[in-house]
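The listed protein sequences derive, respectively, from chains A and B.
Once you know that position 103 of the first sequence is 104 in the numbering used here, the rest is easy, because the numbers rise by one and skip nothing.
Once you know that position 302 of the second sequence is 966 in the numbering used here, the rest is easy, because the numbers rise by one and skip nothing.
For the record, the hints were derived by calculation from the structure and aren't laboratory data.
All clues given are correct.
Straight-line Cα separation of at most 30 Å, DSS-like style, residue types lysine-lysine; simulated pairs:
1. B:K940 to B:K1005
2. A:K118 to A:K82
3. A:K81 to B:K940
4. B:K939 to B:K1039
5. B:K711 to A:K163
6. A:K82 to A:K248
7. A:K121 to A:K82
8. B:K805 to B:K725
9. A:K82 to B:K939
10. B:K940 to A:K82
11. A:K81 to B:K941
12. A:K44 to A:K92
13. A:K82 to B:K941
14. B:K1039 to B:K1005
15. A:K163 to B:K775
16. A:K248 to A:K81
17. B:K705 to B:K805
18. A:K44 to A:K121
19. B:K939 to A:K81
20. A:K163 to B:K705
21. B:K705 to A:K203
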Amino acid sequence: MTTRIDRRFAELEHEGRAALVTFTMAGDPDTETSLAIIQALPKAGADIIELGMPFTDPMADGPAIQAGGRRALEAGHTMKKTLAMVRTFRKNDDATPIVLMGYYNPIYIYGVERFLKDAKAAGIDGLIVVDLPPEEDEELCLPALKAGLSFIRLATPTTDDKRLPAVLANTSGFVYYVSITGITGAATPDPDLVHAAVARIKRHTALPVAVGFGVRTARQARAIAKGAEAVVVGSALVATIKDSLDKNGKATARTVKAVTALASELAGGVRGAKRKG
Amino acid sequence: MTAPQQPNSYRTGPDDRGHFGIYGGRFVAETLMPLILDLEKAYAEAKADPSFRREMDAHLKNYVGRPSPLYFAERLTQHFGGAKIYFKREDLNHTGAHKVNNVLGQIMLAKRMGKPRVIAETGAGMHGVATATLCAKFGLKCVVFMGATDVARQQPNVLRMRALGAEVRPVEAGARTLKDAMNEALRDWVTNVADTFYCIGTVAGPHPYPMMVRDFQCVIGDETRVQMQEAEGRLPDSLIACIGGGSNAMGLFHPFLDDRSVDIYGVEAAGHGLKKKHAASVAGGRPGVLHGNRTYLLMDDDGQIEEAHSISAGLDYPGIGPEHAWLADLGRVKFLSATDKEALAAFQLCSRLEGIIPALEPCHALAKLGELAPKKPKDHLIVVNLSGRGDKDLESVAYHLGGRL
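The shape of chain B in the complex, shown without the other chains (with noise of 0.2 Å):
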């Protein structure tokens, strides 16, 4: 394969029809498709419209708590011995993870719709949680599809999300994981035109979703900006974040994508490794079409979508938000994997040494820095997006170390 074109600027996507490069689109059913096109306008007059971005804002201040520091975690950095460390600390934020700064975005948009109600996928439950906790502020009636295996291994955000009003509905089907929940979504918002609003949490799905949830997100990467100009007076020199749909990569990265000088790494979840039962769509899928766009997905010689595998509900997805693909297919983002293992080891790493319990996500993008930080000067500059807390996760953690916490 020739080395594809580079365009002047990575930060003009998507076009109008809503394809980066190849992937991306509207590959949904008829029904849907007024729903989306009226999204498309309804966001863009939000867009427009400066109070709409002003009530954000305060919002984003007041309830979700930003901006989340960007913390200089120094005995990471002196352990490894080489890049100097620092954590973007989304788990900080309002319901422990990045998630909360997209739904707010959508749930006030669906307040402005005049939408009443609205669903949701949730893999790992931060998202779950995210949308139930905003829909309980803003008074909507909130209704989350979660896959039956995700239920049983993430019970502290299931018990979150009814203790803030919302009903979980177990998905029974396939393997009962993040896909099978965004089926039974969409076959909701098939079912309930008229009053839903589906609030999807990760950059996937038909356009207009995969820019408009990029958009909420992209507060991560301009704060890391500001933050890094006032801690260092220079920009960062890696970015580095894990990626299941890869909404928490997208914020950090895309307002860095034109600075070529930023080197920039997405972390996939390699499950058992990638020879194995894991989740990379990147590193070991190919462009197929699935929830509504084209992207990297996981899938057999016909066609048929796999089963992902990952430790981490959140990664536990067969595909990757379509502006990921293209910016792998160009190389401006360099894809990495981490097993489940290495993702273990790096939460009991940052933990230990830094006295910050992370969520499993992030820990594959932790677990990376063994390989990336060492080799560089000590004056690199590497963030790390620390995108959710661990709390959730400490029961699953304890099982797979066979209760050697």
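Chain A extracted, bound-state conformation (with noise of 0.2 Å):
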């Protein structure tokens, strides 16, 4: 069975490019202006979406996807509505990959069984959990897999060699490489020590590698993909939200538009990499 994840990194191969993967939080700043964010990022050149599921306690996440989060949460966002939004995304769009990501607690209160199912149902590809390494897969990671739903595990600069093929061993979709040690949106990643990274990742595990944590423009975002499979671009965009809101926090009608106009940009980076090798 081939998967919308698997079927976008076939095409993109053969187009010879890179995949642009947008992360922006479910329910920033409101559920409605969150689902029109998400059904205008593919014809700005989003090749996948990645849909973040608010959390309180983002231990992972930087200032910028910590207030997305909050935004959301405070406009009454659940997880409820993040599926919900992903069903009506899919009414309109049956070819981009969804991958939701976030911390498992939201998902375990929800109930592991009736989420797979509702997840699959409303037509999500893959989950990114935060705080479940593989030394926790049976909680979520086999029960994904069981349910047809690719699990994505985060690789990072403290996975090495010998604790590589662990983190390799229930991943599928795609690897995400976590380009720094830090939180999201902290520091800009060398791209010759990403490139380096990848190609140790390469040598264990034949699946598509994306390089996500730090990676804010065009520019970087070219450097990155010259050696990777796919660039992951968050905080900058949630930061665009941020700058486009009123003074109340509202969305305002250039929303959409600011994170359009930076997802293209951040497409025209990636498409104007040259793959190395």
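With the hints in hand, could you dock these two chains into one complex?
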């Protein structure tokens, strides 16, 4: 069975370019605007959509994404609304892969079995759950694979060669390489170091490798895209949402446009990169 | 729910993946996973090394001032007219609370692992002060994360930490209390993986922390056994301690868990009341996953963590250590709760009857003596863990009593 993720990477392989993966927070700044944003992103150049599941205690996130999650929760966003957003998105787009990213507790409380069933039915393709390392695979990773969802694991600069096989063992869809030791949006990765790390991961797996954490501009995206199958941009998009809000924190006519404008720029960067090797 | 099956021993946990029943575990970002595996290995090696134990015992004696006394609280005993009440005087330790027992062990381990920089989270500031103290003694750089709300209500401890050379970083996220300080400490650790040791202050977090912190705190219960033997020629009948994360309680309880004759009571902070804002995660929460472990947490129906409330900054946390969660389910530890008001009354009673100003945290345990002690016979021996001294709380208590201190 091929998945939307597999099909998308196969298409891009054919085109000879890397994917742009955009991260925005579900429900930020409100459910309706957030839906309009993800509906507009594929046309702006997003190849894969990562959608954050807001959580009160985002331990791996920097200030921009923390604030995005807070805006969503304050606007009354819930897991049910995240799933409903994807269901609506799928009515008009059956090709763009959607990956949910977040922390385990909201899923655990929703109920793992029920969550997987509802996520699959909504048209979600994969999950990235920051606080579930391979040591906790029985919690969600193995049930997700059984339910036909990809479980995308994070590999980091601290994941050495000895540990990589364990991290990759139950990973599917793609591998997400966290380009810095740190929180989202904090530091800027060095492309040469990143490319060396991606090459190291590729010695252990045939899966595509996406690189994220700290990529903010089209220029950086281009540099990273030279040596990876995908580039993830999150904090910069979430910060753009914030900058477009009115003084009461509400969405304005500019909000969706500001996000798609940045996504187009980033897509230009990614598409302008010549792949190494 | 059927009664859970009781284990042969309550003292064998956790399993090798850090589980106490369904609780505990290692729910951390991949970046941190190699670090906690390193820590687990380093701790196992230190534990097996007799020189580590010898050095720790020497510091506990000469620097911390252990053993802490087991004190017969005669006037409080008379006041309640029932059980004979003893205090385990952790307030007399260097730095003024039980926190130092754990911090000494972890800082010795940091030194052994060659980590030059130590980070810690703190609520009331006692763990922060203990960490700043030991970092000064061992020559390590120390950064303490503290919620901005707590920075304001625990000024004396902020000044102590600064005097000891530590950097105090106020955390502005969330409700600006202990939970937010822990998030920020984890964010720092994920950023500074190479040189930093995270010194967690309670029996929570990812494995091996709940086990390691418990082991370091067990000196409290181990001493109590010996001291009660000397004082009364037998084991105590009841133990009682306050529980936020639960390190002082676990330290007292754990050595007695397999002595079935000993009744064990943990007291959570009921804040304004269990139907209002509180910090009683067993009484008012349910199992969930936060800060590296599965345990009882205060949260809403969507799995979003709720803000806790307690007058005591040290108990103001929406979770509890995973081993406590397990012991609560098994019924081995009975969980009670005390409100802010009850704690304040206990603060005044203890200060005036015993000449001991307790921290607001153990006041929650003291507050339950009025329910437990009078009903017991005069030969019933109760030990209260007096986990810290109250100097840091004087201003806050005066404020809550409307200046009528």
